[in-house]
Structure formats: C-alpha cells, structure tokens
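Chains as they are written, first to last, in UniProt numbering: chain B, 1 to 395; chain P, 1 to 395; chain C, 1 to 395; chain V, 1 to 395.
Honestly, I wouldn't trust all of these hints.
Where chains are identical, the list cannot tell them apart; a pair therefore holds if satisfied intra-copy or between any two copies.
As the list claims (entries may be wrong) - Restricting the straight-line Cα-Cα distance to at most 27 angstroms, the calculated cross-link-like pairs of lysine-lysine (DSS-like) are:
| id | residue 1 | residue 2 |
| --- | --- | --- |
| 1 | Lys336 | Lys240 |
| 2 | Lys240 | Lys97 |
| 3 | Lys102 | Lys240 |
| 4 | Lys336 | Lys98 |
| 5 | Lys336 | Lys368 |
| 6 | Lys336 | Lys102 |
| 7 | Lys79 | Lys136 |
| 8 | Lys240 | Lys340 |
| 9 | Lys240 | Lys98 |
It is worth saying that the hints were derived from the structure and are not from the lab.
Because the structure is a prediction, the values reported are computed rather than measured.
Protein chains: 4
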Amino acid sequence: MTHVFGRHFLQIPGPSPVPDRVLRAISQQVIDHRGPEFGELGLKALAGMKTIFKTQQDVIIYPSSGTGAWEAALANVLKEGDRVLMYETGHFATLWKKMAEKLGVRAEFIGGDWRSGADPDQIEQHLRADSAHEIKAVCVVHNETSTGSVSPVADVRRAMDAAGHPALLMVDTISGLASIDFRFDEWGVDVAVSGSQKGLMLPPGISFNAVSGKALEAARNNGMRRSYWDWQEMVEINGKGYFPYTPATNMLYGLVEAIDMLHEEGLDTVFARHQRLAAATRAAVRAWGLEVLCNRQGHESGVLTTVMMPEGHSADAFRAQALRHYNISLGSGLSKVADKVFRIGHLGDINDLTLVGALSGVEMALSKAGVPHEKGGVAAAMAHLESTPAPGIDA
Amino acid sequence: MTHVFGRHFLQIPGPSPVPDRVLRAISQQVIDHRGPEFGELGLKALAGMKTIFKTQQDVIIYPSSGTGAWEAALANVLKEGDRVLMYETGHFATLWKKMAEKLGVRAEFIGGDWRSGADPDQIEQHLRADSAHEIKAVCVVHNETSTGSVSPVADVRRAMDAAGHPALLMVDTISGLASIDFRFDEWGVDVAVSGSQKGLMLPPGISFNAVSGKALEAARNNGMRRSYWDWQEMVEINGKGYFPYTPATNMLYGLVEAIDMLHEEGLDTVFARHQRLAAATRAAVRAWGLEVLCNRQGHESGVLTTVMMPEGHSADAFRAQALRHYNISLGSGLSKVADKVFRIGHLGDINDLTLVGALSGVEMALSKAGVPHEKGGVAAAMAHLESTPAPGIDA
Amino acid sequence: MTHVFGRHFLQIPGPSPVPDRVLRAISQQVIDHRGPEFGELGLKALAGMKTIFKTQQDVIIYPSSGTGAWEAALANVLKEGDRVLMYETGHFATLWKKMAEKLGVRAEFIGGDWRSGADPDQIEQHLRADSAHEIKAVCVVHNETSTGSVSPVADVRRAMDAAGHPALLMVDTISGLASIDFRFDEWGVDVAVSGSQKGLMLPPGISFNAVSGKALEAARNNGMRRSYWDWQEMVEINGKGYFPYTPATNMLYGLVEAIDMLHEEGLDTVFARHQRLAAATRAAVRAWGLEVLCNRQGHESGVLTTVMMPEGHSADAFRAQALRHYNISLGSGLSKVADKVFRIGHLGDINDLTLVGALSGVEMALSKAGVPHEKGGVAAAMAHLESTPAPGIDA
Amino acid sequence: MTHVFGRHFLQIPGPSPVPDRVLRAISQQVIDHRGPEFGELGLKALAGMKTIFKTQQDVIIYPSSGTGAWEAALANVLKEGDRVLMYETGHFATLWKKMAEKLGVRAEFIGGDWRSGADPDQIEQHLRADSAHEIKAVCVVHNETSTGSVSPVADVRRAMDAAGHPALLMVDTISGLASIDFRFDEWGVDVAVSGSQKGLMLPPGISFNAVSGKALEAARNNGMRRSYWDWQEMVEINGKGYFPYTPATNMLYGLVEAIDMLHEEGLDTVFARHQRLAAATRAAVRAWGLEVLCNRQGHESGVLTTVMMPEGHSADAFRAQALRHYNISLGSGLSKVADKVFRIGHLGDINDLTLVGALSGVEMALSKAGVPHEKGGVAAAMAHLESTPAPGIDA
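Could you build the full structure based on these sequences and the hints that come with them?
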C-alpha cells in the first residue's frame, strides 16, 4: 500500500463504505443458528428487509453475492426453454441475460445504447406482439450499475398492464435498493433481486429476493430443478426466524444495524440525500466540460455517475493515477465501455464533505493524468450543495 | 438474554467460536474488489486454502454456505439422470442425497445405522457390481456432523481403485477440514466440499470446493446447466486473485487471518489437539455412564461427540436446561435421532480449560434435567488431559 | 506465545476480562471533547457512576490508574504533616501508606497479619485515644486485592461514630466496587477510590473518587498543592458533562456500556453472583487440602481467593506451569507473601463454566507442578454450584 | 445526532481521528500486566517511543492526559519556591504557568501576543539577567495548540547555551510530537511532555515525558513530594517492560500499532505531509480573505491553522453551523481569543482528500453563517496540492 495514512475514498458504485456501526455489529461473536437468540435475530432481519423493499410479501435472504440472487430469481420461476424479455440497459443487464441463457432460458433482449434506463413503450410493444403470452417474465435492471441509468419500474409495470400481459415483472435492484426509491408492492414487482454491499452498506456476502404471491405460486408449478435457491423451503422455515441451511450470521448482525440506521434517518431522507449528492456530482462533471454517460433526463442515477473520457484518453490510466496520488477508488468502465468511462459512486454512508473530497480527487487526478478539462468542478458541486437544502438537516 | 455476564460456551459442532483475531480481521473496511489491493488478498486466500486442503490443484471459494458448495460439487460434474453412489453416514449424508435427487441425479444410498463412517468394503462391492461404469461419482461425508463419525477417505479411494472403477471421489469435509486430517491430493479426492464456520473458525458465509484436474475435465464435458456455481470461469479469473462476481471481501480478510493462525500452530498440532480433546470428551461420557453414538472404533470424530440420552429422557429438554442455567449451547439431534442425542462440539478455537468448562456444564445440566448419570465425567476428562501431553506445548 | 488457540483464562484479580460489548464500545471513533455529543456522554458516565457508588454526592473520573485516584484522595484533603490512621490489610494498604508518607502525611498503621479485613474495634480504640482529634482521616481498603479479605466498611463508620471522632472515612474500593456490595452514602464514606479494570470490566486507564460534601468542604480548606487531582475544578465543569483537561473519551464509551450491563443484570444479582462463585472457589481450595489466606469468617472476598502454597513449594513456579500448560493467568503473591500464595480472580465478566474451567486449570497445574494436594477441588466447586441457585437465573 | 450517515470530519487540533488499525488494536482483550506477554509489549512501547522522541535517554508513559505529564515534568525537577522562565505563546502556555503556580513554583512569564512561537532572543536576555542562576528551568511550548504557532526549540537551546545558563529546557510537545519535527537529544531538550491523542493518533488517555540524564539527576536531588508522577521508580521497573502501577494496557496496544504506522510511512514523510497540508490550508485562508492568527513567518504550525474571524462575527456561531450542516468539528478559540478565532486541525491520520473535504466544509459554512469571505479557498488549496509533490507518493 502506498498510502499508510488518511482514509481511503471508496467511491466505486459498490461495495460502498461500511459504517463503523455496521462493522462493529459484524464483529460480534457468532451464535447457535438453531438457538432461541438466533430466532429473534432472523425475524428481525426478515421483517426489516420487508420495510426496505416496501413489501408485505416475502423476502428471502441468501448467503451469496447478488449474482446468486439473480440465479435464484430465474431458477424459481423459469424452466429450460421458457421465454423472457430483457432490456439491455448496460453491462449488468447483459450479464443477467447471459446467465439466463446459460440456464437454458430463451432471452429476448431489447437493445439499448447504455445511456438510459429501460423504455416502457418498447416493452409494451414486445408484449403486445406476444399474443400467445409465451413470455414468462420481463426482466429489468432498476439502477444499472455499469452506466448510472435508472429504469422507470412503475412505468414498466403500467406498460405490462396496458399490454394485458401476464408475465412476471422481475427487477434487479442490487444497486438501487436503499439508495433510491423502490416500492415492491406499490409498483407491482413480482421478483426483486438485491445485494448487501450497496445502499444497505454491508460488506458483500448476502443477497435478497423479494417475492410476490404470484411469483411464489409460479415457483410451485414451474422453475428449474433447484435446491440452494429454492424459495419454498426458505419461506416455511423463515416463519420462525430460522433458515434451511446455515445462514451468514454475522452479516445478519450487520443487516439489522444497517436497517436501524436507514430508519433513523428515514428512507425518504436517504433517497433525497442521494439525489442531492448525485446532482452535485453531475454539476461537477458539466463544469469539467465532460459528459455524463446517461443522456436521458430523469434517468440519471442517484447512486453513481458515469463520466465519459475525452476521446483518446484512457479511463483506466486516469483511475490508476487517482488511486496512486489521491487514495481514491473509482469504478472502471465495463465491457463495451471499458477504459472509455469511469464511474463515481456516491451511495450509502456518504455526506457532503466526503463527496467534495472525492470530487476534488477526481479533479486533481484529471490534471495529473493530463486529461483535458476545465477546473471548477468542485466549485460547481459546492455551489449546488450550498444552494439546495440538505435533507433531514435543513428544514 | 438471561445471561448478561460471562462468556457463552458455544459447543455446537459449528459454527465454532470465532477467535478475536479473526473477528477483528473481518471488521476491516471493505475495499474495491477490482483494485490491486484486492488482487493480493485474493491470491493469498486461494493459495492459503490449497495448503489447508493439501492440494496443488484448484480451490474455489464461494460466497455461500456449505450447502451451496455441495450443490456446486454436484452441478459441475453430474447431469440429470447420472448415477452416483452415496453412503448414509447420518443426517448430512442424507441431505446431500436429497439434494442430488432434487437436482435430478439418481443416487444409490448404501444404508447405515448412523453409528460409524462409510465402509469402504461396501463401496467396493457396489462399484464392482457396476461393470458398465455408469456410476459417475462416489460421495462420502468425511466427518458426519450429525453423528460424530469419520469416514476413512483414503480407504474409500483404495476401494475404488481396487474395484478399478473410474468414478470421481467426492467428499464433504465441511466439518472435518482444518480440525482433523484431510489430504486432498494424497488421498486421491476429486471434489471436496467445505465451509468456513468449522475448523476454519470463521463465521458462516463462504464455502469451498477443492477440485482435481480430473474433475475439472469432467466439468468441461458434463454437468448441469449452471452459472453461479460454475468452476471454469472461477478458475480462470482466480489466477490473478479476482472473482467473476463480487466476493465476500470481509470473510476473505478473516480467512487469511485464520489460515495464518492454523500455520502458526501447525496443522499437525491442530489435528492432535482436536484428537486429545475428543478423547477427553469420550472419557467424560463413559464416566457419566452414557453412550457415545459412534460405536465403531477408529471412526470417532475429533470434531464433535454425540451422546445418546438414556431411554425416556429428552435431549432437547436437557439442552434447554444447559443453555438456561449454564450459558452453553449444545448441538441437537437431527431428524431420526432428534431429541434422542445431543452433540458436544470441540472444534476450532478451543483449549483444555474451555473443554473442561463445557463438560462441567453438561455434567451439571444432566443433574438439573434429572437425567440419570454418574458423576465424575469432568474428573475423567481432566485425568485424560493430565495424562496425555498437550500437542505443541508439552514436548 | 505458546498458545495460538483457545481463550486465555485471565483469572488475576484485575484487570478482569473485558466483555466484547465493552471492547466494541471502546473501539468507537473519538469525538470532540468540547462538542455537544461529548457533553451527553460525560453526563451519562458521571450519572452512571453515582448509581454504582450508590451516592448522590459527587463522583470524579480521572484519566489515570487507580493509584492516581489514591493520590487524589490524599492530596485533596490532607496536607504535609497531617495525621491519618491506616490499617494494614495487605500489600495495597501498605502501598497506600507508603504513598501517604511520600506525600508528607504522617500515617499511623494498625498492624495486621494480612489474613483479614480491618478490625473496627481497633480503629475505634485508636480514635478514642486521639482526644485532640488530630487524625484527619481513617483510610481503609474495602477489598484487599493482595489477600482476598474484605473490611467491614459500615462497621468502621459505626466505630468512628462511636468514638465521636470527626475524621474523614476514606475507602479504597478499587477492586471491590461493582463486584461486592458498596454503599457510599448509606455507609457514610467520605472519599472512595476506585478503578476501571475490576468490577467495572474495563481496561485499566480511568479511575474514580466518590466525594462527600464534607470531604469537598475539607478540600476547599486544606489539602496539598495540587492541580491534576484537584476536585474543585472537576466538579464545576462536570456539571455540563465536560472535563477541565482532555478526558479518556474511549474509556468513557466503555464505561457507559459497562454500567448499562451492570444494571441489565441488576447490582444485587451481580453481587450475589460473585459471592456464589467465591464460595465455590473456597470449596475447591478446601477439597484440595490447601488453605485460603483469609482466615476470618465473613471477611472472605467475593472478588478473589488467595491460596497458600504448601511449605517448600513455589507459588510462582506453579503459576508458570499453569500459564504454560493451561493458558491461565493467576495472580502472584505480593511483597511479604511473594511466592508463598497465588490468587484466583473470580470477578467481573465471569460465569459458572468459566470458573470451573479456571479451577480445573489450577487443579491440573498443581499436579504438573508437583504440589501435594487432593484431587476433587473441581468436583467440590461443581457441587456447590449445583446446590445453590444461580442469582438472576434460578428462582 | 443530526447526522446518521457519512463520516464525521474531526478537524480539531486533537484528539485527531484514530485510524481503524489503531482502534482495532485497542479492542484486543486485556492481558495480565505482570505476565511475560506484557513485558514484551511494554518494552516495545517504550523503545518505540524513544524513536519518536528521537532520544536514547528515558521515556516515561503515564496513564493520564497530557496535563498530567505537564505536572510530572514540573513535580520531578522543581520544588516550591523554585523559579522558572516560561513563554506566553498562547492558552496552553498560560495554563502550564498557572499549573506551576498552583504547585508553588514561581513562574516568570515572557509576554507574547499569541501570534508567534517563543522568541529565543528574549529568553537569552532573561537568562543573562539571572546571573545567580536561580532559574531552574526554561519552559516552552513547541506547538501551541491554541494558536497554531511553533517555537524554534533548537534555537531556544542555542540561546540558553549562549547565555551560559544551566537551567533545564522543558518543552511541551503534546500536539507537536509525531506531526512536526522534534529531536529530543539533538536539540538538547531535558524534559519533553507529550500526549497520545495528537500526532500519535490514539484516543486520549496516556501521556509521556522524555527525560534527559541531567533532568533525571535533578529529579534525584530536587522536586516536589510526589508519588504517581515520580520518574525514578518508573525508570527502574520499565527496564523489563513493566510499570509500578497498572498501566493502560489497551492504549499500549494502540501505541505500538501507531508507532509501526509512523515508521511504515517514515517520520520525515509524516512531517512533510503535515507541512504540505498546512500550506494548502493557509492558501485557502488567504483566498477566503481571512487572516491566519500566526503572523510570524516560519512559525506557522504544520498541525493546525487558526483563523481569525472578521470583526463582529462569532466564531462559535460559525462552528455550530459547520457542525450542524456539514458534520465537521472545528476547534474553538480559547480564553482571550474565545469566539474570535476558529482552529482547523490537519494532523495525524489525514490525507489530501480529507483536507479538501474539510476545507469545503469551512467554505460552505462561512456562507451559511453569513461570514464575509471570498470563494475560492478550496480551489486555492487544491492548486497548492496539485503543484507540490506529495511526500512518499510523488517521487
């Protein structure tokens, strides 16, 4: 490590920095996962997650990465040969599609340019064309972590209803949940997929499915051969706070603490805080004379901002300079935008001064790396922060 | 919680108590899983696990419970309709078989009375009978956590070779690894399955496969449709210390620390320590006039000891008393021995005085619960400890 | 370190093992000691300590060891040439006397044989003899940590009153507070001295004075030249939760947590727990055929038990064996009983099974060290524990 | 707490933020302070502190705040009626003088305007006037924490030598040590006073004296009646790594870790890092159109920068806004500059981005509080950081 002193600025779009309270919670001694104390912990974690997903239906907690929860979503309701409709919002939507294909599902992919969220109109068109209702599920990424674009999930549901199509709505909100607004029940989502290391501010290691009654019913009658990811056994045993196999106890300690923190601030305040920091970040990018990858107004992410490098300049070389000189980690461009963009995470346990510090790291590293830009990004971000009330603090 | 003060005695056969060093390691701030610092961490963890499995072949680390690693073992080398030979050593062997069946594998189950490990002779017989070599794998549980019996894995390999059968040897050493001797390469194991929360002294949350070249080759040509559990992509990306999806970073911090601790003491010393404590525990059980479930000499586990309750007495009522009065968690009997046995874990971060304290909790709780027994178990255990040299301490 | 694995048994009479909850509290980030958050912390710590001392008068918290709080007690109310009456209960009473002399105070020392607490009758006699009321203070050690004898503080107050003597009553309850009963106001104590690393279960580093109005008044008119230890400035600034110089913030985090724990269990339950474990320990000593140093019935300590070695055997050699073989730290004999006794601490964060584990370490180490003894100490302790209800759990 | 999320910016001039590594070290379980493991810890801590003070003479570690180490310095070498020469660099120099007077020492105070460090010429003059050599010690504050001015300690020694005066040189480097250059032996200091919560990055709770042979000799023949602060007994017992009374074990864990960190970076790099950040801070202050309190070139502190408020504006009201809106703690003005200045700490575990974040908090809070200023302070600081090589990172 070059940097012995001073806090590392972990500004990737997840894992996000884990608050000290959560780290301390995680460092508690493990307990008997079949004893009475565990039952209380399990019930608390499961009930808490329902408040975060805003659902009164079921939530499943897996010891796995978010990728596992993707697979769980697919495996429980789809079987080999089933058709699904997916939307190419970026790298992660593409990975989910590839996973579906590996599992034998026929995925139709509505192409996208990676600069916006999903388009409900196109989804509606596709569904209308499927008059036989062969499409079993529509899969959308809520917050596309590779691009910083947000899909209008509620509008997707409206489009599905408008088309009168019975497909399930499956949403990847791995990086959206607990950072930007998500409403499982109100929006009519059937399966949501999430992970611990983003808005929930935990280390990576546990993941989630929220499951509607309709999806649970579908799982009973369909789905692939499955064991680890099977919802049914989970839901039954979860009723008393236990799990069918050994749960990641210490992560659950942290989860309960993180949920407490989110409610201490209030979810709406959390969401507003993210939006304000995101707007300040975009102000900085504009002031630098650079371009934000997401070019669809209203789709810009509150979680991260992806910045396009000027032609001929390597984003990865720039990021390496930022890390070396300023002890800040920025997100890399993935697959087709590799080395062409970098990503600034502004999610989770973050506040005004941390954001400004991070943006100053970007601004100074642009100079170090010889990337053409205007000065003044930090000043623009500060101007935005000063001129807008901080949620939960200012009136 | 009834007990505010005093250390809880977590004497279940896993999760085992996590050493403070490991808890502190886990509480380190998360880092960028794609940055240079992570690469070093990943390489260290992977190389370290090879020394624990005693293999120069591949080790896979999953963010999942051990149950996930079971599924990974099956999914990579077997496909629907494949035949496997399994051995009923107890509850966990049975669960593994059920999982295989859920996944469409045809499992032949050599019946057992749950009082010993697998019998290599019976395995040899079965394999000889399969002259068409249809059986794709032999699956054995190394240390059966539900009973406290150990299967002679090296002998199973010898039996397979004697039968001239090409099946893969797959071993569940979830609770055996790092507590009792296990030698992946030397014993000719093809796939080993393990977890973090036993001899490795971590919280639950990551799991392992060790994979032979032969198994990896089999996986290339066979196996189920799979994504999360797929070895191939893992092995490729692991080469530089990275993972195809977000790894459980904080657990890896702990893993590296735990492996350091195991080598500080020396694996042979670790194994000898476990055997000595196990023998002391059995001496206590005999002195109480109770019976150890494992009745096959040489198969008794160094990890846990399962004790049979006198007829007409509830093991669970006894365990509840032990927890309430003496702040000790004992393992329950599972499925067909439910309420008929209790299990004493003596694995991981444990020493002489902790064992005696634990055994005194058992002895006093037997009284509290009105279970007929002789006094003197603790004294017998102490006599054993005094009369046998402590590995690594006494000469 | 010889011992890589297994919990160390820290059975010295302080520092006592720090509960994980307290260690985590201490590991919180430091805050501005002049900011509003600190004020709340300070008020909580000060108010909490009053409940522990059972006083409505003032409590002072020093960043210092208990030795510093001894000096503070002397420096605030005595000046050079003043006479005090002290009682030789053991090593620590002797050290306090030496300190008084170093500071120029003329200490009269009622001799003792180190096998009991202070004798109120002798104190009364001495005070009656001082008809001129020249003696400014009577200094008594509540729980003598070097011997395991307890002085009857309430009786000392009664003796002073019977003698009609106006001296202040100053009590060292460094190792008594929060383990055995202590009642500052009810017992008419004027100055009490305590420390963090005993019944309060913190690491060493902060210490306490409880101060009566009478003592505070005396301090205004008397006392040595002093600055760091001065009560007056402390008391004034403490009113708002702040301190005249930088306080040991992280220790205060731990203090607040420890006080919460003590009240969760209830002070009376805490005291009863200590007495029961002490009685079990003495039962073990008797069964070994060894002698408890304290030979005055009713004076035996609930905090520690001092055991006399058989003639011709080295206590320190024995303790070294215990540490080496069984990973247990026992207290050494101090000054005139050096190498002749060892001390078993049974205070703070301790429960039945930890005590039995510790006693088994003593019993086995007696063998290792070739110390003549009977077996059966552990059995005797267990018999005591079984036959007496555990406070707060049984009944 | 208003702020649930995001890291608090603790930018007071001590306590400085404690690195996670140090917090984890402090959270280790306490050990027997008389056992062999402790001896090693004690030796390591004492030897380590010699490398920090740059001395081969003695270092004393007290469980106390820095104020205690002040008292220790005075009490060991001075007695009632002794004369000392002190220099009014600011609030803390004044407090030290008041303490000396409380202890009966006659302190002569060379007046200062709180805007620079000590003036060696004036000291030389005073000493020359003391032809009878009655002055026993010259007391100087190295880094005056209340003002941000540094005294040229080496020049003070030269002045004393030029005057041919035998007084001891006593230096308070509580906030200087381990942040800015200090050389005990080379500079001919006789007694240095320091604390844990500044450049050493520990929580408050332990303090230090470095002691020359000459001072130790003086202590043998002079000094006040003393016990807790007495050097002699300390030095003797420290030889084997132990302490005459219970040491603050957990703070020593942290100390050893912090010293390791300082040497990992290298002391010269640490000092250069502080100077660069201080210069950036002053650049910000100038750009705001505000004035730095220290107006003597070459005396500006690398540890903190004190900023004068424009006439008619309350520094404390401003600081309250900064805390409320931006979650940053700034230092208050003390005694005669109360409410007229605020202090920005930039010491210890700090890097470029944290500084910029902190300065942005100041800049935005100046607006919130309606304090007249120019924008551009943050930009000026960034310009400085970009234009100067980062020590240890850039070439």
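What hint numbers does the structure not satisfy? none
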